[in-house]
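Novice: Residue numbers (the working numbering), protein chains in the order written: chain A, 1 to 180; chain B, 1 to 180; chain C, 1 to 71; chain D, 1 to 71; chain E, 1 to 247; chain F, 1 to 247; chain G, 1 to 353; chain H, 1 to 353.
These aren't lab readings, by the way, just hints derived from the structure by calculation.
Incorrect hints may have been included.
Said to hold, decoys possible - Here are the simulated lysine-lysine pairs, DSS-like style, with alpha carbons at most 25 Å apart:
# : chain 1 : residue 1 : chain 2 : residue 2
1 : F       : Lys84     : H       : Lys205
2 : B       : Lys155    : G       : Lys45
3 : F       : Lys84     : H       : Lys192
4 : D       : Lys25     : A       : Lys103
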Amino acid sequence: MAFTEEVIFAGFGGQGVLSMGRMVAYAGMVKGMNVSWLPSYGPEMRGGTANCNVIVSDELIGSPVVAEADTLIVMNRPSLDKFESWVKPGGKILVNSSLIDRKVEREDVEAYYYPVNEVASECGNAKAANMVMLGAYIKQKGFLDEQDLLGAFVKVFGEDKKKLLPLNEKAVAEGIRLAG
Amino acid sequence: MAFTEEVIFAGFGGQGVLSMGRMVAYAGMVKGMNVSWLPSYGPEMRGGTANCNVIVSDELIGSPVVAEADTLIVMNRPSLDKFESWVKPGGKILVNSSLIDRKVEREDVEAYYYPVNEVASECGNAKAANMVMLGAYIKQKGFLDEQDLLGAFVKVFGEDKKKLLPLNEKAVAEGIRLAG
Amino acid sequence: MASGKVTFRENSCKGCGLCITACPKNIIFLNKNKINLKGYNPATVEKMEECIGCGNCAQMCPDLVITVERL
Amino acid sequence: MASGKVTFRENSCKGCGLCITACPKNIIFLNKNKINLKGYNPATVEKMEECIGCGNCAQMCPDLVITVERL
Amino acid sequence: MSVVFERTEGINDIPFHYCPGCTHGIIHRLVSESLVELGLLEDAVCVSSVGCSVFTYNYFDCDAYQASHGRAAAVATGAKRVLKDRTVFTYQGDGDLAAIGTAETVHAAARGENITIIYVNNAIYGMTGGQMAPTTLVGQQATTSPYGRSVELQGYPIRVAEMLATLDGTAFIERVAVNKPANVRKAKKAIKKAFEVQTAGKGFSLVEVLSTCPTNWGMTPADALGWVDEKMVPYYPLGNFKTPEEK
Amino acid sequence: MSVVFERTEGINDIPFHYCPGCTHGIIHRLVSESLVELGLLEDAVCVSSVGCSVFTYNYFDCDAYQASHGRAAAVATGAKRVLKDRTVFTYQGDGDLAAIGTAETVHAAARGENITIIYVNNAIYGMTGGQMAPTTLVGQQATTSPYGRSVELQGYPIRVAEMLATLDGTAFIERVAVNKPANVRKAKKAIKKAFEVQTAGKGFSLVEVLSTCPTNWGMTPADALGWVDEKMVPYYPLGNFKTPEEK
Amino acid sequence: MAKLLMKGNEAVGAAAIKAGCKYFFGYPITPQNELPEYMARELPKNGGTFLQAESEIGAINMVYGASGAGARVMTSSSSPGIALKQEGISYLCGAELPCVIVNMSRTSPGLGGIQPAQGDYFMATRGGGNGDYYTPVFAPASIQETVDLVMEAFNVADAYRTPVVILGDGMIGQMMESVEFKEPDKRSLPQKDWAVQPHRVPGDKKLINSLYIKPEEMEPHIQKLFRKYDVIKEKEVRYEKYNCDGADIVAVAYGTVSRIVRNAIKKLESEGIRLGLIRPITLWPFPFEAFNEISPETKAFLTVEMSAGQMIDDVKIANAGRLPVEFYGRLGGVVPKPVEIVDKVKEILGGAK
Amino acid sequence: MAKLLMKGNEAVGAAAIKAGCKYFFGYPITPQNELPEYMARELPKNGGTFLQAESEIGAINMVYGASGAGARVMTSSSSPGIALKQEGISYLCGAELPCVIVNMSRTSPGLGGIQPAQGDYFMATRGGGNGDYYTPVFAPASIQETVDLVMEAFNVADAYRTPVVILGDGMIGQMMESVEFKEPDKRSLPQKDWAVQPHRVPGDKKLINSLYIKPEEMEPHIQKLFRKYDVIKEKEVRYEKYNCDGADIVAVAYGTVSRIVRNAIKKLESEGIRLGLIRPITLWPFPFEAFNEISPETKAFLTVEMSAGQMIDDVKIANAGRLPVEFYGRLGGVVPKPVEIVDKVKEILGGAK
Ligand SMILES: Cc1ncc(C[n+]2csc(CCOP(=O)(O)OP(=O)(O)O)c2C)c(N)n1
Ligand SMILES: Cc1ncc(C[n+]2csc(CCOP(=O)(O)OP(=O)(O)O)c2C)c(N)n1
Ligand code: SF4
Ligand code: SF4
Ligand code: SF4
Ligand code: SF4
Ligand code: SF4
Ligand code: SF4
Ligand SMILES: [Mg+2]
Ligand SMILES: [Mg+2]
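Start from the sequences, fold in the hints, and give me the full structure.
Specialist: Structure (structure tokens):
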């Protein structure tokens, strides 16, 4: 039956939430699915928060705007406050518990808490918190595997970032473990 | 019964055809009639020909554009060539025979030939050829008299030109005589 | 002194008189007894023998009316 | 030598470090152990006794974070 | 115990939206301190332009216009012609003033409009994300000069202060920088002087301020300060280009 | 028997529409003679502007564009970037170039576009009937400065040559006049030089030509020539403001 | 007051000054030059300021500055110059600044020519600039009406805080007719307390602005504008209906063209054909209500324009499919002759019979 | 060719280069910056020239110069910047110069905001500039369609010697989708013998011009343009009709909004309500023919726009009074949610029953 996954990635400007979305979109495309990626834009992003909407589907994609998310991934507190209500009943919220001190208030969604910053630091790359979260995400949703993601990594960050692959591989693995 | 007079004044830029029209329009207005004055405009006037449409009527004036003239006043040859056909059957054409060597070709109009340049020079004001022609015109049409015209003269040319009044009075009188 | 000859394309003349201002010999004038096709009194030279063919008139003519030759 | 005192409106600090470049006494640093409400490591001074109250730091602060006094 | 420096009350107590270390903030402070010290803030009218500084109207505690991109000098002209007793100034970036706003700026200057222009030259289009500006230095990379500005393709940067100084309509023109305390203090003097020229009705005054854009220059704020000295000042010499002779 | 002067074949044999004694005609002649003598006419591209000279495209015997008012330099830029081997020049009045066209002109100059601009300064808007131009002299009457241009109200005229000379992008800039044979001959030298600079690929060249508008100045053509010496030259000094150093 | 014989362009200036216009920012262009020239002569005598801008863009932005300071201000131009003002007009609408903008239009596209045309109908009525906005557009048909509408335009502008466009053409600008200056009607207008005042009002910061970066703030702003536009549609529609009941055909024409239609009406009368006329005086808001009752005898609408057909869009919307909507237009500065309209009418009737 | 994940703005650039575009003149403005930035990087590698102009006006006039020389050339901007280009576009149309103009539009009037909107429909379809002219306007709804239409736009531009407008919005510019680059279709195009050539063609003087000072010359010139427009109306209309037969209501929407309507269609299906969609792909020429057959079941048209209602004028003209024409719009950069459309549809049906 028709598969459609609508995700919102949100966090600080520096947390790499836009590229998280791009990797998922790219991986989905490679798997032959229709994908769309829509970022927030504008000067208010300056130092502020960023987010993107990603849709992966085996059907034609209507609006690229995610109005009711299957999954919400929040990397900081303001993002949780802003988007908690955007998740459809029964949807999932993945929370970066390293930076978000509160719990999800809604009871009609499944909430998961991952301390991705700590985990990333532990595996020696504080910057890879987003990769850890992605690991947890694919594990949670199951439509993408580790290889899909790492394939996307090079495409999104470019060949010259290839050397960072092992580190990020580790981060993704940790994320998968977290969600396992 | 309803009175309407539609006139076209045409000639070289320097011959004062636009002010001829303004004087007739002004005099008509003073007599309580509706009037409109529409000049040709644009760079092609530079050194070239000028013309204006004047309508005097005791009814509301529709289009200010004279499509079928009751009277055509031409001060130079190109103007006769251009506008001869614009006169309505039975209309009048007043020709400045000082500068126009040819005759009016149409037979369904009344043509009058006045050597207004010579006459103007004779009464000591070569520049007043247009006033001579105006004299002939009012005599021909009868709806304005000498005084109407001279009253308009000051309004159109301004107080400081008042001193020229006597000279122009003479010119107008000569014109009336010509047409008499 | 070199003597010259000027010819005017009379019907292109606008009677502006710029050539007159430029002639060192003051031999150019507007012919009041003539009106060209454009309706102007065209510039002319009578005392052509006085022309030195300096070309000043032609330099100043905005309407390319003048040709100058030297004999 | 005159001694001074600087105070920081910590939560307006963006941790840009311009004040640091300006301090002749090199006593300003970004507090890595602290994250302010904006999410930055705020500037602070520990050896306040070394401050000469020159005001350079305040001159360079783009976000009007710093107040300088002289004792 | 004396206060050497404290926050000017001329700036509303809301955080600037600028990037960390962006010297727009310093310039805002200098403008507002100058107006306050001259007793002009109350009656000042700020014309904000379109650039990162578009929101200045929120920061200065005075009446304000937001002008279309590049047209601040024309808007200020219209405003000042009506508000003859008020201190009208524009705050414009180099893209706004030196690119799309060239005609409005040159002509306000030539007319000797009695207004003050704070011209913030950071050699880049900041707000739109780092495109080449008319002031971008030769060789400098920007998103629309990815291979560095090349003389063959894009020619040379424009020195606004020098260009406007050739116009008889200009009364006061100075170029300053805000990359170190000494320069900041000089900058304030110039800005104050510019406003004084307007109050004295002497005509058009402009202060070109060399400013940083760490974000789009791709540097730390501290390095950006250094870049102003190394790269900008050599091409954009600091100094006064026009002062009304005192009588 | 030798011909000292005859009509250039570079100008189509149709009468100019200019008023009697308007020196636009002399400038047309100089431009076309220069192109012919340099063997460039064949491949020249004329960008006509909007002003009395709008119809130049009919007069010069070469390909041509008619550009929107003030934008001739931008049109020439687009044309020259494609037609690299052709001699592209604009012919613009002072209203067109120095008012509405300020930005396009300044930036073509700053970019060092390899084009030539013939800038005809007659201190007035001719075609539209004698309104004040940015170049109208202080005290000069025009239909929109009926009481004479006043410094208080309208400020000072713009000296385009001097202003553009401050830009590193400009290669050749000279101001000439055509009010007497000697000046006309100098003017031609400058125009020729400007085209040579373009052929040599040296960049932006501009010749500002002081011209007359007897019709709107309200003078005889002869008096107008004198007015150029008495009134214009003192404010707009003749001379060269920029030449590429020869190597 | 006595009758005066005045040129349209100068009459506009005289009316503006009478209406309290104190500032004029313009740039020369044919066929409207006599207006800025008149203002240059007369405004100083009336305590006002005339300033020739460096361009039409400079002028419209000076208007923005002066209007934001609460002054009554005018600018004028002709077709290409008005096109250049479109961004500025969009800003004026966004910031809700009143002013009067005169377009003595000429034939286009491009540089085109300088003779009269009505090709700027779309630009004027649909907002040629960016975004969601409208401006009231007055289209006078005589110099007297021009004078009356210019005065009214300043009132409408101030009443609704909106730019108002006077859309004339070269003929309106250049022709002379007799005019009388009545006292401008004194509709009670709101204080301009939104404007920047001669001195700051303590504790009340004025801001002239069209920027609303947050959609949740921009949306209500635009909605506010459109509530205003609804009021204008309800209260400010102006039109003239002439000879329409029992008309075989109803012509729709504005400005000078409507006068030519009147000549055609006369001519057709003598031939027993009844031609009606709907003359929109406000082009926006368009007088849709004028089309509500149509006589059963009426067989078609005939839109006559000096354009390739622009107002006809509004006529079609007004007609809503009831009758055939025919068109007759002349282009390029050619003014249609009454006989041409007469012939077109006969052709339609011939076709309809 | 393999699928790529591309941002709309960059996809436009890639498509243009693939279509042989060699010159790009632009000026920065959000949300289209990635397009000039892409061209700055890529055009030089493809033997082309990218030049950032001093302004939008500079850019459009550089386009005039390059197009007049026969080059394939593009410019782009967003709402206020496009408003500034209106005079230039009018000139391009008058001189019949082909080019492609991209508008990634944002919310206005004035400076407004930078979020997506469709408030430039009038400016694009009615010619926001001076005079009588139109430009074809393509409104893509996906990145793939954007790529295809950009390539086609260059063909249409050259085939008819006209500027062509690509009307997107911030979403089209900023979003990423997968795209494939097909070979641009090779419609046989006329030689550009009207253009200024690399070297002069002896005895054949080229002139790029829009000035016709004599009405008797300007009129035929405009008539020629409109004969061309008639051919375009006949041959180049593009639209998509979806789910219309038997539809209770037919929505009319273009660009990104049409995709939101598709979501609404799905949702309504499950509730047994049939919503149809007419999606104009060319906004000018507008697909009037798409409105010819309407199912008897259809009770109303519903125009959905991210504007205060602009395309609705064309829908009313197309509808010609047959059915009620309803409207739903969001403003200021707010993107409507599918449920809002669902609710509107139910409200209408509720009303209609
Ligand atoms: C007519 C128009 N064109 C373009 C833009 C987009 N734009 C916004 S800010 C800006 C330039 C900002 O650069 P600058 O003036 O140097 O200010 P900075 O951000 O560098 O301080 C541009 C081009 C606009 N808003 N309006
Ligand atoms: C956009 C636009 N604005 C104004 C005009 C009207 N106009 C035509 S020529 C001209 C100025 C001509 O003056 P100048 O450039 O000095 O040339 P001159 O006639 O004096 O030689 C103007 C303003 C126009 N055609 N287009
Ligand atoms: S050539 Fe010299 S001398 Fe002869 S007419 Fe001309 S100006 Fe006079
Ligand atoms: S300069 Fe030329 S046009 Fe003028 S008068 Fe002499 S010959 Fe005639
Ligand atoms: S006042 Fe001077 S010494 Fe004290 S912290 Fe600031 S810069 Fe350093
Ligand atoms: S300069 Fe100001 S903002 Fe920057 S670090 Fe120092 S105190 Fe903080
Ligand atoms: S982008 Fe540059 S100019 Fe703009 S706020 Fe950031 S640092 Fe300052
Ligand atoms: S108006 Fe002036 S510039 Fe124009 S042609 Fe006549 S004299 Fe020459
Ligand atoms: Mg900048
Ligand atoms: Mg001039």
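Novice: It remains to establish, for every hint, whether it holds in the given structure.
Specialist: Structure-based check of all given hints:
1. With a CA separation close to 19 Å, the supplied pair lysine 84 (chain F) and lysine 205 (chain H) stays within the 25 Å bound.
2. Pair hint lysine 155 (chain B) plus lysine 45 (chain G) holds up; C-alpha atoms about 21 Å apart against a cutoff of 25 Å.
3. Taken as a hint, the lysine 84 (chain F) and lysine 192 (chain H) pair is honoured in the structure, with Cα atoms around 18 Å apart against an allowance of 25 Å.
4. Proximity of lysine 25 (chain D) to lysine 103 (chain A) is assessed by CA-CA distance (about 45 Å); at most 25 Å being required, the pair is judged violated.
Violation of the numbered hints given earlier is confined to hint 4; every other hint is satisfied by the structure.
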